[in-house]
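Student: Let chain A serve as the given structure and place chain B on it in line with the hints.
Here are the chains, one letter per residue:
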Amino acid sequence: MVAPGLLALELTAAVVLVSAWLSLVHRRLEAIINLYLVQSAAVGLIAILVAYLYSAPDLYLTGLLVLGLNAIIFPWILHRIQREIRVPNEIRMFVSVRLSALAGLGCLLLAVAVVGPLTPLAEIPAAGLLPISVAVVLMGLFMVSTRRKAFTQVVGMLVMENGVFLAGVALTYGLGIFLELGVAANLLILAIVSRIFLYRMNDTFDTVDADVLRSLEG
Amino acid sequence: MYLPDLPWTLLLLLAPAAAAIAVQAAPSRGWANGLSIAGAAVSLAIIFVTISQILTLGTAPVPSAELNVDALSGVLLLLLGVVGLAAVLYSVDYLGWEESPHALSLPRLRRYHSFLLLFLFTMFVVAEANDLGLLWIAMEGTTLVSAVLVGFYHNRRSIEASWKYLVICSVGLVFALFGTLLLYLASGAVSGPSGATLEWTRLMQVAPKLDPGLVRLAIVFLFIGYGTKAGLAPMHTWLPDAHSESPTPVSAMLSAGLLKCAIFALVRVNAITSRMPGFTFTTWLFLGFGLLSVVLASLFILVQRDLKRLLAYSSVEHIGIISIGIGFGGVLGLFGAFYHMINHAATKTLLFLTGGTLTIQAGTKDLEEISGSLAAVPATGGLLLLGVLALAGVPPFSIFSSEFIILTAGFTGGFWWADVILLFALAIVFGGLLLHLSRALFGPKPRVGFTSGFRRYVATAVAIGLLLPIVLGLGVWLPNPLSQLLHAAVVVGGG
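Respectively, the protein sequence lines represent chains A and B.
The opening residue of the first sequence carries number 1 in our numbering; numbering runs sequentially from there.
The opening residue of the second sequence carries number 1001 in our numbering; numbering runs sequentially from there.
I should point out that these hints are in silico values taken from the structure, not numbers from a laboratory.
Bear in mind the structure is a predicted one, so any value in this text is a computation, not a measurement.
Even glycine gets a Cβ: it sits at the ideal position worked out from N, Cα and C.
Keep in mind that the hints are not guaranteed to be accurate.
Which residues of chain B face chain A? A partial, calculated answer using Cβ under 10 Å [unchecked claim]:
1) W1136
2) E1160
3) V1174
4) L1177
5) T1201
In isolation and in its complexed conformation, chain A is listed as follows (with noise of 0.2 Å):
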C-alpha cells in the first residue's frame, strides 16, 4: 500500500515525464512553451511536496523559485521572443514524428535499465523519481540535438534542467539555498545570452533555423 503523499509525488512526476515526452511529438511551439510551463509548474510542485511529506523546509523556498522563474518568468521570455522575433509556429525537426516519439520512449527504458539497479537508493522514499527524471534529461537531450530552429534547442536544453532539478529536489532534498541560487542565477544569464544570440542571428541571417548555421564544418 502506497502512502498517499508518495502517491501524490508520483503523480506528479508522471506529469513532469508526460509533459517531456509530448513536446517531442508536438509541431507547434507554442504548445512545447506551454508543456515546458506545465512541467516546471510540476517540478516546483514536486518540491513543495517533497518539503512538506519529508520535512525538509528549505525546499519550500526552492519550489517557489521554481514557480518563478521556469514557470512563469521562462516561459514568459520564451513567448515574447517568439513574438518579437516572428519565430514561425510550426516545429522543423531533423527526424520525423514517428521516430521522435518513439526515441522518447527509448529514452525511458535506458532510463530504467541504468538506474534501476542501484541498491543504495531502496533506503529513499522517492527513489522512483530517479529514472523519470534521467529520462527526460534524455528527452531534452534529444529534443536539442533533433530540433532546426535554435529557438527550439533553448527549450529543450530548458527541459534537461527540469529533469536535474527533479533529481535534485527528489532524492537530496536539495543541494542547500546557496548552490540553488547560484544554479538558478546561471540558469537566468543563460536564457539572457540566449536571448541575445537569438536577436543577433535574426539580425545576421533573417532566421533562427540552426539550419543556416552549417558554414563551420570539419
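Tutor: Coordinates of chain B only, in the frame set by chain A:
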C-alpha cells in the same frame, strides 16, 4: 587603523572582478588597456604569494569552507595567471589601440576587457572551489562569459561558432550537474541524508565507503559534462569553431586556460575515486577518452588548412595526452599530466600569439596561401617555427619533457599498448605540423602579400617574454619551487 585580515585567496578573486568594473569607467583606450593589464598583473602577483603559502602551509588560508586552495589549485592558478596576463597584453596590441589591426571602438573595448577579466575571474573560482556545486556554477559561468567573447565580432561565422559553443557546452554542463547531484546522493547514502555533502575535502574522507554503482553513474555524467568542456573527443565538436572564430587572445585563453579548468574538475573527481578500493572505472574513462582524442585529433590535423583550426585540433590532442597521463596515474603519470598542463598552456598561448600575428601580416588564415614567412617576417616566422617545434614535442622544449614522463609512466604502469597508440599519433601530428607549416615558413618569399602587421608591439613582446622561459626553459631545468608544487599536487591528486 583597523585593516580586516583578507586572505590572499579572496584578494585573488577580488582583483580581476574589481578591474572588470573599473575598466567600465575608463576615459580612454590607454586607460582601458592599462587597467586591464593591471588587473591581470596584480592577479599573477597574488598567485605567486598564494603558491608560496601553499608550499609552506600545505593549503593557502581561505575565507570559508566553500573554498580550498591546495597544491592542485596552485598548479591551475599558476598557468591561468600566466596565460591571463599574456592574453590581456596581446589584446592590447591586437585590438586595443586605434591603429590596431582589429581595433574596437572605446565602448566595445571597455566591454571586451571587462568580459576578459570576468572570464579570468570565473576560472579563478574554478581553481579555488572546494564545494563541487560552486565548481559547477563557476564552470557554467566560464561558458556564459566566454560565449560572449567568442561571438565578439558579430559576423556570421562568429555567431555560429558562439551559438554552437553555448549550446553544446551548456548541454554538457547539465550532465555535469546531474553527476554532481549523484555524488551528493552517494555521500548521503554513507552518512545519512543530513551528512550529505558536496565539499571535496569531506568527500575525500568518506570516499572509501561510497557505493561504487552510484559513483559509476555519477562519473559517467561528470565525464560527459566536463569532458565536453575540456574538448575531449567525441564531445570536442564545438572547439575548433570557437577557437578559430574568436578574437585570437580569447582563443589562447580558451585553449590554454579553460580546457585545463575542465580537466581540473575531472582531476578532483579522480582524486575521490582513487580512494575507493578496487574502483578502476575512472582510469579507463581517462584512458579511453584520452586515446580517442589523440587519435582523432592527429587525423584532423593532417587535413587542416586553417592555421587557427590546426592549433585547435592540436589542443584536443594535448588534452588527450593529459588525460592519458591522469589515466596512467601513480606519481609519474599525474606528475607528467600536471607538468604537461603548464607546458601546453604556455606553448599554445605562444603559438596563438605568433600565429595570430602571422595571419594578420599575411592577410589570411589559409595555410596554403601563406608562404615564406621566415624570410618575409623573420621575427614572427622564427617564433612560429620555435613554437611549432615545441608543440610537436621536439627536445629540448618543455613539452618533450612532460610527454616523455607520461610515456614512461605508461611503460612502468603496464600500459605499453596505450603508449604504442600514443606514440603513433604523436608521429602523425609531428608529420602533419611539418607538412602544413614548412611551406608557410620556408617556402619561396611571395612578391606581394605580407604587411608590417602591428604598429605597436611592446605589450606583445612582454607577453612573449613571459611565455618563452616556460616553453624553452622548463624543458631544461625545473626550478625547485615548481617541482615542489607539482609533487605536492600529485599527492593531493591521489598519486
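Student: Hint validation: V1174/B versus chain A, beta carbon distance must be below 10 Å. Holds or violated?
Tutor: 4 Å, holds
Student: Does the interface hint hold: is W1136/B within less than 10 Å of chain A, judged Cβ to Cβ?
Tutor: Holds: closest Cβ of chain A sits about 8 Å from W1136/B, inside 10 Å.
Student: Min Cβ distance, L1177/B to chain A: is it shorter than 10 Å?
Tutor: 5 Å, holds
Student: Next item in the hint list is T1201/B. Is there a CB on chain A closer than 10 Å to its CB?
Tutor: 16 Å, violated
Student: Report holds or violated for the interface hint on E1160/B, using the least CB-CB distance to chain A and a cut-off of 10 Å.
Tutor: 4 Å, holds
Checked against the numbered hints listed earlier, the structure breaks hint 5 alone; every other hint is satisfied.
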